[in-house]
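Residue numbers (the working numbering), protein chains in the order written: chain A, 9 to 72; chain B, 154 to 637.
It is possible that some hints are incorrect.
[Unchecked claim] List of simulated lysine to any residue pairs, SDA-like, C-alpha gap at most 25 Å:
1) A:Lys49 <-> B:Lys510
2) B:Lys510 <-> A:Val60
3) B:Lys397 <-> A:Pro66
4) B:Lys206 <-> B:Asp270
5) A:Lys49 <-> B:Ala461
6) B:Lys547 <-> B:Asn599
7) B:Lys448 <-> B:Glu418
8) B:Lys510 <-> A:Ala36
9) B:Lys502 <-> A:Val64
Bear in mind the hints are in silico, worked out from the structure with no lab data behind them. Since this is a predicted model, take the numbers as computed values, not measurements.
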Amino acid sequence: MKLTRRQLATTLAPAVALAQTAAQPAAAADDELQAARNRVKTNGETLAGQAVPMAVEPAFQFKA
Amino acid sequence: MAAPGNDVFFATAAELNARLIKKEFSAEELARAFAQRLEQLGPRYNALALSLKEQALRKARAVDKDIKREHLHGPLQGVPYAVKDLLSYGGQPTTWGAKPYASQVFDHSATVIEKLDAVGAVITGKLSMVELAGGGGYRFPSASLFGPGLNPWDRTRWSGGSSSGSAAAVAAGLAPFAIGSETSGSIVTPAAFCGVTALRPTYGLVSRHGAMALSWTLDKLGPFARSAEECGLILQVIAGKDGKDAGSAGRSFYYTPQYARPLAELRIGFAAADFADRPDAAARPAFAAALDSLKACGVQLVEARLPAFPYGALLSAILGAEQASIFEPLISSGRVDELADQSQIAGLKASLEIPAKDYLKAMRVRRLLQEAIQLMWGELDVVVAPARPGIAPKVDQPLSPPPGAAASANRETTPRSAPAGFGAVIPAGNLAGLPALVLPCGFADNMPVALQLVGPPWSENTLLAVGKDFQSRTDWHKRKPPDA
Numbered sequence: 009m010k011l012t013r014r015q016l017a018t019t020l021a022p023a024v025a026l027a028q029t030a031a032q033p034a035a036a037a038d039d040e041l042q043a044a045r046n047r048v049k050t051n052g053e054t055l056a057g058q059a060v061p062m063a064v065e066p067a068f069q070f071k072a
Numbered sequence: 154m155a156a157p158g159n160d161v162f163f164a165t166a167a168e169l170n171a172r173l174i175k176k177e178f179s180a181e182e183l184a185r186a187f188a189q190r191l192e193q194l195g196p197r198y199n200a201l202a203l204s205l206k207e208q209a210l211r212k213a214r215a216v217d218k219d220i221k222r223e224h225l226h227g228p229l230q231g232v233p234y235a236v237k238d239l240l241s242y243g244g245q246p247t248t249w250g251a252k253p254y255a256s257q258v259f260d261h262s263a264t265v266i267e268k269l270d271a272v273g274a275v276i277t278g279k280l281s282m283v284e285l286a287g288g289g290g291y292r293f294p295s296a297s298l299f300g301p302g303l304n305p306w307d308r309t310r311w312s313g314g315s316s317s318g319s320a321a322a323v324a325a326g327l328a329p330f331a332i333g334s335e336t337s338g339s340i341v342t343p344a345a346f347c348g349v350t351a352l353r354p355t356y357g358l359v360s361r362h363g364a365m366a367l368s369w370t371l372d373k374l375g376p377f378a379r380s381a382e383e384c385g386l387i388l389q390v391i392a393g394k395d396g397k398d399a400g401s402a403g404r405s406f407y408y409t410p411q412y413a414r415p416l417a418e419l420r421i422g423f424a425a426a427d428f429a430d431r432p433d434a435a436a437r438p439a440f441a442a443a444l445d446s447l448k449a450c451g452v453q454l455v456e457a458r459l460p461a462f463p464y465g466a467l468l469s470a471i472l473g474a475e476q477a478s479i480f481e482p483l484i485s486s487g488r489v490d491e492l493a494d495q496s497q498i499a500g501l502k503a504s505l506e507i508p509a510k511d512y513l514k515a516m517r518v519r520r521l522l523q524e525a526i527q528l529m530w531g532e533l534d535v536v537v538a539p540a541r542p543g544i545a546p547k548v549d550q551p552l553s554p555p556p557g558a559a560a561s562a563n564r565e566t567t568p569r570s571a572p573a574g575f576g577a578v579i580p581a582g583n584l585a586g587l588p589a590l591v592l593p594c595g596f597a598d599n600m601p602v603a604l605q606l607v608g609p610p611w612s613e614n615t616l617l618a619v620g621k622d623f624q625s626r627t628d629w630h631k632r633k634p635p636d637a
């Protein structure tokens with residue numbers, strides 16, 4: 009089968025990336041997810057400690 | 154007409170355009186030379202996402218006809234360039250650097266590509282990037298459909314993220330300029346690691362229509378180029394109102410160095426600790442010398458620091474909540490597991506769990522942050538800090554510790570607590586929508602390091618004026634990698 013350069017790149021790129029991923033240390037997905045959830049929680053706690061006057065609106069605008 | 158020689162690969166856009174107008178070579182010949190070089194050498198740095206050689210040659214032939222008729226469109230006419238694969242190009246794959254989108258094709262091109270096309274610039278290809286611009290937080294440089302971005306100065310080191318290919322391509326002479334994007338650090342970091350001048354514009358100045366959305370309130374597009382002046386010329390073309398981008402500020406930009414304020418009037422804030430203590434030891438001499446070069450420009454250097462805010466937590470909450478909404482279909486479908494980096498996958502999944510109250514609180518604190526930084530601009534015109542405190546890391550090393558090893562975020566620029574001085578200027582500048590100019594300023598261990606200048610919204614001309622003067626006194630931006 010003859011492949012164009014683009015087809016070859018599309019075929020090979022994921023394989024290359026997957027091979028490199030496989031070389032990563034095998035950190036358990038569950039541990040990663042728990043760590044990410046912990047960061048969300050820690051961020052929330054940090055933000056909860058910030059005093060904001062009631063009149064301060066979020067930094068985005070709704071335009072009618 | 155002679156074929157372009159190797160000297161074109163590190164010439165500026167303005168120089169190339171002048172040679173085209175003088176008919177030293179044709180736009181078609183120039184496009185062919187750059188497109189071939191991108192095809193041949195792009196994979197060497199994992200920088201090439203997609204060659205657009207045939208489209209480039211077609212466009213260049215049209216440009217040649219325009220030049221022949223003396224229909225001239227400015228200094229980018231006939232100049233090749235490439236874009237981060239986060240931008241759509243009609244009818245061709247746009248992968249966002251991520252396997253789940255490897256076969257994605259849009260029927261329209263991004264506004265910045267249309268604007269560059271209108272002045273006769275010639276797109277030669279699309280460039281690699283960290284998957285989904287790294288919003289989930291990635292642990293390894295290999296977090297990309299294209300493999301880890303390899304640094305032209307040392308291919309055992311990372312080219313930075315998430316605009317990895319944009320910085321590497323300009324550094325290696327694969328394109329005279331490139332377009333990248335920044336949500337928080339994705340222009341500044343790769344530009345610093347690869348020794349390339351780059352500009353992050355004020356939020357809303359450049360349309361993001363046709364670009365992948367990661368965070369509606371943080372995303373920006375900007376140029377990587379050979380000098381501050383080139384960044385100004387490119388920004389003039391890509392800036393402007395666009396009804397297709399809800400975040401468009403409706404402003405244009407005109408690069409007007411002739412109207413720049415005298416540099417002696419400028420008060421530039423800096424923190425001595427940012428230059429003397431915070432950088433890696435090997436980089437400190439380069440940063441100290443860079444500060445001296447800046448002083449030689451005649452500006453007033455004033456000791457200062459950022460107002461105290463939890464920049465990392467703010468950025469994480471805002472970016473996380475916005476990306477969760479944007480990529481909810483990917484995450485909920487389970488296809489998120491096809492991404493290359495486990496930390497990125499976990500970060501995206503966890504972002505779905507950010508409470509609305511946290512996002513809204515972060516956006517309200519962001520308002521206070523904007524006001525505090527606005528007050529700072531009453532005392533200062535610009536701030537300066539190292540773009541990154543050290544050189545590019547090794548490509549096979551993790552960018553952050555594994556789970557449990559340390560309670561720190563792995564997003565590239567989100568320290569948990571604000572370091573003294575301007576150490577948090579990347580998240581702070583992005584949260585406040587501020588422009589930044591990255592200026593290569595020396596070497597450490599044979600790798601480039603860079604300064605970043607940050608100013609108030611819409612102060613691009615001031616930053617560019619300082620950058621232009623700095624670059625008239627130094628030649629770091631002209632250095633090229635030994636084997637490029």
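Violations among the numbered hints, reported as their numbers in ascending order: As far as the earlier hints go, 8 and 9 are violated by this structure, in ascending order.
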